[in-house]
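Colleague: Residues per chain are reported as follows:
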Amino acid sequence: MAGYTGLQARALRWVGLVPFLAFTGLFLILPTLYIVVGAFRTPDGSFTFDNIVGLNTASIRSAYWVSLKISFLSALLGCSIGFAMATAMTLGGVSKRVKGPLLTFSGVASNFAGVPLAFAFIATIGPAGLITMYLRTEFGINLRMYGWNLLSSWGLIITYLFFQIPLMILIITPALEGLKREWREAADILGATRLQYWRMVALPILFPSILGTMALLFANAFGAVATAIALTGPSLNIAPILLYAQIRGDVLGSPNLGYALAFGMIVITGAANTLYIVLRLRAERWLK
Amino acid sequence: MNRFMAWTAIILGCIYFILPMTGMVEFSLSMRRGVYSLDAYRVVLADPVFQATFSYSVIMALFTIAFGVLLVVPTAYWVQLKMPEIRPVVEFITLLPLVIPAIVVVFGYIRLYNTSSWLPLTGSVTGTNILLMFGYATLALPYMYRAVDTGLRSIDVATLTEAAQSLGAGWLRIMATLILPNVLGAVLSGAFLTFAIVIGEFTMAALLDRPAFGPYMQLLGANRAYEPAALAVIAFAITWACMGLIHMVSRLSKHKRVSH
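Protein chains in written order, with the numbering used here: chain A, 1 to 288; chain B, 289 to 548.
Check before you lean on any hint, since a few could be wrong.
What follows is a list of derived Cβ distance ranges for each label pair [what the hints assert, rightly or not]:
1) B:Ile347 with A:Arg282: 38 to 46 Å
2) A:Thr42 with B:Asp444: 55 to 63 Å
3) A:Leu91 with B:Met536: 24 to 32 Å
4) B:Met463 with A:Asp188: 52 to 60 Å
5) A:Val267 with B:Ala451: 48 to 56 Å
6) A:Thr42 with B:Pro499: 14 to 22 Å
7) B:Leu407 with A:Lys69: 35 to 43 Å
8) B:Ala446 with A:Val53: 48 to 56 Å
Since the hints were derived computationally from the structure, they do not count as laboratory data.
Glycine included, C-beta positions come from ideal geometry on N, C-alpha and C.
Using the sequences plus the hints, can you model the full thing?
Modeller: Next comes the structure, spelled out in C-alpha cells:
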C-alpha cells in the first residue's frame with residue numbers, strides 16, 4: 001500500500017461503487033432525466049415551455065383532475081379506515097389474537113395490487129359479481145339502477161382501498177405502539193378527558209405520521225397503472241392510463257407532449273413522497 | 289362501548305377484505321353452470337400461453353433476484369466498510385424507484401435504448417429481456433437494499449473483514465463465504481419480495497412487449513369470464529406464499545442469532 005498517494009487511495013475507494021452507480025445511472029436516473037429534459041424541448045432540440053403549457057387542454061386537465069381526485073380520496077379513506085382498524089387493534093381492547101393475523105394479512109394485501117386485484121373486484125362487485133348477483137336475486141336490488149359502476153372513479157377508489165388500508169395499518173401500528181403509557185397517565189392525572197387526551201396529546205404526536213402516510217398512499221394510488229388498466233381498460237381518462245396509451249401509440253400526437261405528461265406525474269408523486277419523507281423524519285423525533 | 293366500537297371497526301374492515309376474496313374464489317369455481325368445479329383452473333393450467341408466460345415470469349424473477357443480490361450485497365458491504373459517509377446518497381438513490389412511477393422509467397427506456405440509440409437494447413429479444421430484467425431490478429431495489437443493509441448493520445463488518453484478510457482471504461472469498469452467509473436471511477427476504485413483485489408485474493412487461501404473466505392476465509381478463517378469477521386466486525396464493533416465506537426466514541434467522 002506504500003506506493004499509493006492519498007489521491008489514489010481515495011479514487012480506489014470509489015471502485016466498489018462503480019457497478020451500483022453505473023446501473024442506477026443508466027437504468028434509473030438517465031431514463032428519468034431524458035423524460036424530464038424532453039418535457040422542456042421542441043422536437044428539434046431547443047428549449048421551450050410549450051409542452052408544459054400544452055398540457056392545459058380539456059382532456060389532459062380532466063385526466064389529471066380525475067387522477068388527483070381518485071388518489072386523494074383513496075388516500076383519505078385508506079388513512080381513516082386503516083387508522084381506525086390499527087387503533088382498534090392496538091389500543092381498543094380487542095383480543096390480542098387479532099393483531100398477528102391482521103398484520104400478516106396486511107403485509108400480503110399491501111403487495112396484492114395490479115391485475116389480479118382488479119379481477120377479484122370484478123368477480124365481487126362487477127356487473128356479474130358475487131354481491132351484484134346476490135342483491136339482484138335475493139332482494140331484487142339492481143345496483144346498476146342506483147348508479148353503481150365498478151368501471152368508474154368510485155370503483156377504482158374502492159379497489160385501491162384493498163392495498164391502501166393495509167399499508168396504513170402497517171405504517172401506523174408502530175407509531176400507535178410508540179405512544180407512551182406515561183403520557184396517557186400524565187394527562188389523566190391532570191384531569192384530561194379521553195377526548196382531550198386524544199385531541200391535545202396523542203393526535204398532535206401522531207399527526208406527522210398520519211399526514212405523511214397519507215402522502216405516501218396518495219403517490220401509491222397516483223402511480224397505479226396496472227390495476228386501473230385491468231379494471232377499466234382504456235376507457236377511463238386518468239393520467240396513468242393516458243400516459244400508457246401515449247407510450248403505446250402517441251395518442252396526443254406529439255412525443256414531447258408525452259414527456260410533459262410523464263414529467264407532470266413525476267412532479268406530483270415526487271412532491272407527495274418528499275412530503276412523506278419530511279413528515280416521517282418529524283414523526284421519528286417523538287417516537288423513539 | 290369503546291371495545292364495542294373497536295370490534296366494529298375490525299369486523300367491518302375484515303368484511304371489506306373477505307368479500308373480494310370470496311367473490312374471487314366463488315367466481316373461479318363457477319365455470320360449470322350450477323355446480324362448483326375446478327374447470328376454470330383446469331382450462332387455465334392447460335393453456336400453453338399460460339405455461340409459457342408463467343415460466344417466462346418465473347425465470348425473469350430468478351434472474352432479477354440473482355442480479356439484484358450481485359449488485360446490492362457488494363455495494364451495501366462496500367458502503368458500510370469503506371464509505372459510510374456516502375450512505376445517505378446511496379440510500380436516497382435506492383429509494384428513487386418509489387418516487388418515480390415505473391411507467392415513467394420504462395418510458396425513458398423505450399426512448400433511450402431504442403434501435404437508433406447508442407445502446408440499442410430494444411432491438412433484439414435478448415436485449416429487451418435484459419432491459420426488462422434491469423427494470424425489475426430497479427423496482428426491487430428499495431426493498432432489496434433495505435433488507436441487506438439492515439442485515440449488514442447487525443454484524444461487525446470491519447472486524448470480520450480484517451480477520452478474513454489476515455487469514456489470507458481475497459475479496460471474492462470474503463463475499464461468498466463470509467458476508468453472504470451472514471446476511472442470507474435478509475437476502476432471502478428481499479428475494480421473495482422481488483419474486484412477488486416480478487411475477488405479476490404488468491406495466492413494464494406490457495410496454496416492452498414481453499410475453500410475461502402480467503400482460504397475459506390482463507389480456508385474458510379482457511376476453512374471458514371465469515379464468516381471470518382463477519388466475520387471481522393463483523396470484524394471491526403466490527403473494528401469500530412469498531410473504532409466508534419471508535416470515536419464516538426472519539423467524540429462523542432471529543433464532544439463530546439468539547443461540548449464538
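Colleague: Are the hints correct? Go through all of them and say.
Modeller: Against the structure, the hints:
Roughly 44 Å separates the CB atoms of isoleucine 347 of chain B and arginine 282 of chain A, a value that falls within the hinted 38 to 46 Å. A C-beta distance of roughly 56 Å is found between threonine 42 of chain A and aspartate 444 of chain B, which places it inside the suggested range of 55 to 63 Å. A hinted range of 24 to 32 Å for the beta carbons of leucine 91 of chain A and methionine 536 of chain B is consistent with their spacing of about 29 Å. About 55 Å separates the C-beta atoms of methionine 463 of chain B and aspartate 188 of chain A, a value consistent with the hinted range of 52 to 60 Å.
For the pair valine 267 of chain A and alanine 451 of chain B, the beta carbons lie near 49 Å from each other, so the given range of 48 to 56 Å is met. Under the hint 14 to 22 Å, the C-beta atoms of threonine 42 of chain A and proline 499 of chain B, about 37 Å apart, miss the expected range. Checked against the given bound of 35 to 43 Å, the beta carbons of leucine 407 of chain B and lysine 69 of chain A, roughly 40 Å apart, stay inside it. Distance hint for alanine 446 of chain B and valine 53 of chain A: a CB-CB separation of about 55 Å, consistent with the stated range 48 to 56 Å.
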